[in-house]
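Following the hints, position chains G, Z, A, R and X against chain L.
Number of protein chains: 6
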Amino acid sequence: MNPVMMDRMSWIAYRDRIAEDSPVVFLPCGALEQHGPHLPLGTDALLATAVSAGVAARIDGIVAPALSYGYKSQPKCGGGQHFPGTTSLDASSLIQITRDVIRELARHGVRKLVVVVGHYENQWFVTEGIDLALRELGPACPLRVMRLEYWDFLTEQTLARVFPDGFPGFALEHAAVIETSLMLHHHPELVRMDLLPDDGPAHFPPYDTYPPRPQWVPPSGVLSSARGADAAKGATMSQELTERLVAAIRGEFAD
Amino acid sequence: MNPVMMDRMSWIAYRDRIAEDSPVVFLPCGALEQHGPHLPLGTDALLATAVSAGVAARIDGIVAPALSYGYKSQPKCGGGQHFPGTTSLDASSLIQITRDVIRELARHGVRKLVVVVGHYENQWFVTEGIDLALRELGPACPLRVMRLEYWDFLTEQTLARVFPDGFPGFALEHAAVIETSLMLHHHPELVRMDLLPDDGPAHFPPYDTYPPRPQWVPPSGVLSSARGADAAKGATMSQELTERLVAAIRGEFAD
Amino acid sequence: MNPVMMDRMSWIAYRDRIAEDSPVVFLPCGALEQHGPHLPLGTDALLATAVSAGVAARIDGIVAPALSYGYKSQPKCGGGQHFPGTTSLDASSLIQITRDVIRELARHGVRKLVVVVGHYENQWFVTEGIDLALRELGPACPLRVMRLEYWDFLTEQTLARVFPDGFPGFALEHAAVIETSLMLHHHPELVRMDLLPDDGPAHFPPYDTYPPRPQWVPPSGVLSSARGADAAKGATMSQELTERLVAAIRGEFAD
Amino acid sequence: MNPVMMDRMSWIAYRDRIAEDSPVVFLPCGALEQHGPHLPLGTDALLATAVSAGVAARIDGIVAPALSYGYKSQPKCGGGQHFPGTTSLDASSLIQITRDVIRELARHGVRKLVVVVGHYENQWFVTEGIDLALRELGPACPLRVMRLEYWDFLTEQTLARVFPDGFPGFALEHAAVIETSLMLHHHPELVRMDLLPDDGPAHFPPYDTYPPRPQWVPPSGVLSSARGADAAKGATMSQELTERLVAAIRGEFAD
Amino acid sequence: MNPVMMDRMSWIAYRDRIAEDSPVVFLPCGALEQHGPHLPLGTDALLATAVSAGVAARIDGIVAPALSYGYKSQPKCGGGQHFPGTTSLDASSLIQITRDVIRELARHGVRKLVVVVGHYENQWFVTEGIDLALRELGPACPLRVMRLEYWDFLTEQTLARVFPDGFPGFALEHAAVIETSLMLHHHPELVRMDLLPDDGPAHFPPYDTYPPRPQWVPPSGVLSSARGADAAKGATMSQELTERLVAAIRGEFAD
Amino acid sequence: MNPVMMDRMSWIAYRDRIAEDSPVVFLPCGALEQHGPHLPLGTDALLATAVSAGVAARIDGIVAPALSYGYKSQPKCGGGQHFPGTTSLDASSLIQITRDVIRELARHGVRKLVVVVGHYENQWFVTEGIDLALRELGPACPLRVMRLEYWDFLTEQTLARVFPDGFPGFALEHAAVIETSLMLHHHPELVRMDLLPDDGPAHFPPYDTYPPRPQWVPPSGVLSSARGADAAKGATMSQELTERLVAAIRGEFAD
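Here the protein sequences line up with chains L, G, Z, A, R and X, keeping their order. Letter by letter, the first sequence follows residues 138 to 392 in my numbering. Letter by letter, the second sequence follows residues 138 to 392 in my numbering. Letter by letter, the third sequence follows residues 138 to 392 in my numbering. Letter by letter, the fourth sequence follows residues 138 to 392 in my numbering. Letter by letter, the fifth sequence follows residues 138 to 392 in my numbering. Letter by letter, the sixth sequence follows residues 138 to 392 in my numbering.
Rather than coming from a laboratory, the hints here were simulated on the basis of the structure. Check each hint, because a few of them may be wrong.
Between beta-carbon pairs, the in silico distance windows are [unchecked claim]: (1) R/Ala372 to X/Asp153: 30 to 36 Å; (2) A/Pro342 to X/Pro140: 38 to 44 Å; (3) A/Arg387 to R/Ala308: 24 to 30 Å; (4) G/Asp302 to Z/Gly365: 20 to 26 Å; (5) X/Asp367 to L/His219: 44 to 50 Å; (6) Z/Pro342 to L/Glu157: 46 to 52 Å; (7) X/Glu326 to L/Gly337: 30 to 36 Å; (8) Z/Pro276 to R/Glu326: 29 to 35 Å.
Stretch by stretch, here's where chain G covers chain L in the computed footprint (C-beta under 8 Å, at least three residues) [what the hints assert, rightly or not]: (9) 148-154; (10) 284-291; (11) 297-308; (12) 374-382.
Note that the Cβ used here is the ideal one computed from N, Cα and C, for glycine as well.
Chain L extracted, bound-state conformation (with noise of 0.2 Å):
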């Protein structure tokens, strides 16, 4: 079947390998949100799912399921709710669906979790979702978790090649440069280039309004130009993501 892929692989295999190598098991957290015309709703899902199986791939670790569904776009990091396409959860649905799956693991006898975000909106929930599982799961669990945004694993040089203009920071980074060179090089088959939106960066003030006002965010959903990205930027950034996500896991799991 599948030496990484969870879903693709028979549970006497999946516990063979949780008995006898106590094997990393990656978490990705997506979402269901629009990523401009040129990436597909799908993207933080399958490029959570891509880093993980690369490093997996690596530690000979095994990928659960994406969660594909993450909680509701906001206008300054996703664009916002207002954009058909954008499938959302309430928090307690997305922290409930955690802790339920790491609850699952924890009982397999799942020793080492790294929950992947891919959706910069997912990070708080996430986070609750592990605490009440491992709270439920008492002290005497042996399972330690990492939670980690992937995009923080990218080194200030590595961005100074991909931004050669300066890197603006992570924080319009939606639907842009980052994310469309890794779906060029994980998926170029879902990227429309010749559909790349012109928008300038989107400018927000430092607060945000309920209900939101949709004027604040470029109406093709891109918070700044994905001009500049390629497929080539995509492999490094995947190639630098790849190692020092192996070296931290390494590190963090070896005691």
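Okay, now just chains G, Z, A, R and X, sitting in the frame of chain L:
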């Protein structure tokens, strides 16, 4: 990108499809659950998605990402929760994500939704999720929902051909002839016919126990033998499911 | 007071029984749901209680008060929620009261519990309630639970006698021959045979719709005719249910 | 069938009553709670139902099935949770079932509901359930609800007759003169006057402790002696409750 | 910083106090609720905090920040929810924050907690929060909790002095003599005696209605006149509350 | 009483203000969380309230009572949950109280609400609470909400003055120069500059672990040194926050 799979479609393509054609949207509801040594843990999500995609391709529908995790496995229909790899949600989690996704699809303007259950244990919790969503959306919301377990669309004639010695009933059809044949048709690379167990059919009393008795369930997790499964049967069943689902959906959403 | 019905027993009598004999406790799970013009709304709770009391009388068991309200009626098994009088709970409510009652019985020292479902729609939510209770109580708790739908204990032979023209299956047995006969046996004063409707059997497609289509369901709420019901059949079935339940419970709780 | 008890009435009879007369519907809220050695565990539900039925018979009302389980017993009003047999719900469970039942009654067209509390501890959670139901139903819903603890309808004159040595107040009236007399009137077969304990009145400090101190509560569970209870007092109080409830309900629902 | 108020203490000071002296911690539970034209909306939190601080100063206790928002105001005890300014929580919210705060105090090593209710409507939901926290913490947790409504510590003698014409009972003491006198003692700058309304005492029937009838409640929100309130009475009552609370707490936590 | 603080205002004064001026209402969201040896546990609530009150005084606004307890402290922004004194809420509790308070303010007629977050970890749960409230209130509700973390209103120029050696970023600004300076300005009596720790700045990897590693966090709980903090910087920052918040709020609520 992809004309059928919502997560591989841009939000603009999706928006236009919804606005122009009012297409049928499919929500496959799967599970991560043991399916014997010969089928992968993700079988239920894979088959619910395959069935949905087959129908959607015929009627210009759209398939939302599957719910990859389902309700707790029960001994009589899925072997039970004692198998490593089976990774299940609490009832309230499954209810809520179903409700949330439907609430969002309604916001997009979706009017025709088909919830395709591929994991028997999901049925009632998905039903509650649909009910809560519709109650919240209110009677003025034009969304109409069909919910179905796909195997209920197989005719007696087809079952007679698939089971030349007599159809033993759906009760024990977990990781058995139907699912194995369908997987051989849709995902042959994920089936290990060489690992097919010979466990005889399980015999269950007319009640359930909690905690469950693992000894009721064959050690392989297969409730009745998959001997007799082949890709041709899978193709036959797949074709019938598509035809009959197309007809039912067209009939239901015609008015 | 009363040696069987827990609510008609003093706490001291109950305490002594639990401490001395470790009796089997029964929790009937009913509903308040239309049962046609000839049966009362409380039929499911009345029958679940009657079956429980009959068995309890034989094995010195105790019957806790029935859950009088159940999960939402579905068109195919109970006619659906559009009937006045049908008074149903949300899933989470039914799950929680089941969990709470079981948690309390465990606190009392009950070790043997039989949850007797008399309303088909309750089954999965009661199951979740049992699971949540046992998870909370932890593996050291000695409580063991059986859950059953009482009609599953009728043998084919008896069904053949009750349905001389052939048993049409449990699917349409709502307010039909089995329930009407059992009510004629247990509560004849609550049956109005003079009001028996002649609605032919309902025909349902292999899917459900939401909102439901009331036209699928006979206007009387009876899914197949109760013609042929009589008290003698009720007595026969009641006796068989008692005998077979006694045997199953004794077997299950013997070790 | 039965003209008063909803669960012993067909849905058609119920529907016609609601449509024609807009009758008052009663929802008795009881408990399963120790009531000393001389009264049954179900006393609160039995009395709330008996009071409701008495009033309903006078004003052509309908009595819905009692909530048989109530909120956790407190030392000062019900003896506390340490008594075997006392079987209580978490707050959220009681709140939700109250909300659900009221939502359903409103759907049936009920416009006049009287929630009759027979278990002191239920009061606030039932209040929240009513509030949540009305909030969900919205201001256009014509349903109006009265909530009452039945003993508050006893006049000082009657209490003076029932307690010739002076009424000690409702605080300790658990399984004492009022409840015992009412049970002797309504359910004499369920009272064991021969087992009446002689525990003196309980004395409580002006605070509560958690975990509770069982030594605060007389071992019998009776907070003050039921000596002096008799059926005649029960009949007197029952008659007064009926008269005064009839008057209050007629007054409240007149406009 | 401050030796009594936890929020004005550093974590190190707090930690050392908990470790060295096992001090009594107080959790005042207030509300934001109308208190007539002469008292501020925060009266309940202010008085619960003042009472707690007075006692804590005597026994080297620590006062946690008050719960500033409480359960929904009821007509008979707080005037009801129709007053602007009254800002209340749903039951589940109040239950959960109570549970959460107690869970955290237990983690800090607190063994003696006094929950001081200053808003009548909070009592039962705070009780449930305490119960849920203790259930979660388990029987091995050394935390013991007292819960009290502070006015219950006033003696009959003091009430006779405060109400020379006879104490009408706590029922109507909302924004009346007791609260006004205590505010004149603790927070005179927040009392406007010149705005004291002359509304006579409210008269309520022995039931509640939903939706509530605002006409039951004096338009000022004061349930009985605060005429007769003065700072001296406030000082007298405050002193008695402190003395008697000190004694009760010392007694309860002595062993 | 008090013209700004809602809890020190009568309901009549509040009602009149809301009706006449449609004032901006502020909801400060704090925490009870370790802030090193030199700042009190309540720092976040105190500062969020001080900022709110400063702005409210300028624009005739009203400040509701702060949420005194916040979401669980995280190592990278607040030191983590292992510090005694840190007293945090579960996500669902914080979400619900935020939702409830906003629902109530909307009922009062409030149209302009500013939610002032003073505890970084609160942000996403407060966001969900706002979203749930607005969803429940419906699109016809005129309430508009701003949510902000107050420090985001500091300009680069001011930060350059406050940090002459270069602003290290907000990431480690927990109990450091900004908060300490602001406390010296607003609450000097609650700052112990003599206890200022010399812990160097914390260094965190680009991921989080659960259970957290306390060794990542300086033992004092201060993430970077507060050396350099003084009251003058606090006054400068406070003035800028007020000015810029006034401008933003006026602009946002002008139309």
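Here is what the structure says about each hint:
1. A beta carbon spacing of about 32 Å between R/Ala372 and X/Asp153 agrees with the range 30 to 36 Å that was offered as a hint.
2. Judged by the Cβ atoms, the range 38 to 44 Å given for A/Pro342 and X/Pro140 holds: they are separated by roughly 43 Å.
3. The beta-carbon spacing between A/Arg387 and R/Ala308, approximately 25 Å, falls within the hinted interval of 24 to 30 Å.
4. Against the hinted window of 20 to 26 Å, the Cβ-Cβ separation of G/Asp302 and Z/Gly365 comes to about 34 Å, which falls outside the hint.
5. Between X/Asp367 and L/His219 the CB atoms are about 45 Å apart, so this pair conforms to the stated range of 44 to 50 Å.
6. Between Z/Pro342 and L/Glu157, the C-beta spacing of about 49 Å keeps the proposed range 46 to 52 Å intact.
7. In this structure, X/Glu326 and L/Gly337 break the distance hint of 30 to 36 Å, their C-beta atoms being roughly 49 Å apart.
8. For the pair Z/Pro276 and R/Glu326, the beta carbons lie near 59 Å from each other, so the given range of 29 to 35 Å is not met.
9. Note: the segment 148-154 of chain L has 4 residues with beta-carbon separation from chain G under 8 Å; the three-residue rule is met and the coverage holds.
10. Closer than 8 Å: that is the beta-carbon criterion, and the segment 284-291 of chain L has 0 residues meeting it against chain G, so the requirement of 3 is violated.
11. By the rule of at least three residues with a Cβ nearer than 8 Å to a Cβ of chain G, the coverage given for the segment 297-308 of chain L is violated, with 0 such residues.
12. Three residues within the 8 Å Cβ limit are the bar, and the segment 374-382 of chain L against chain G gives 0, so the coverage statement is violated.
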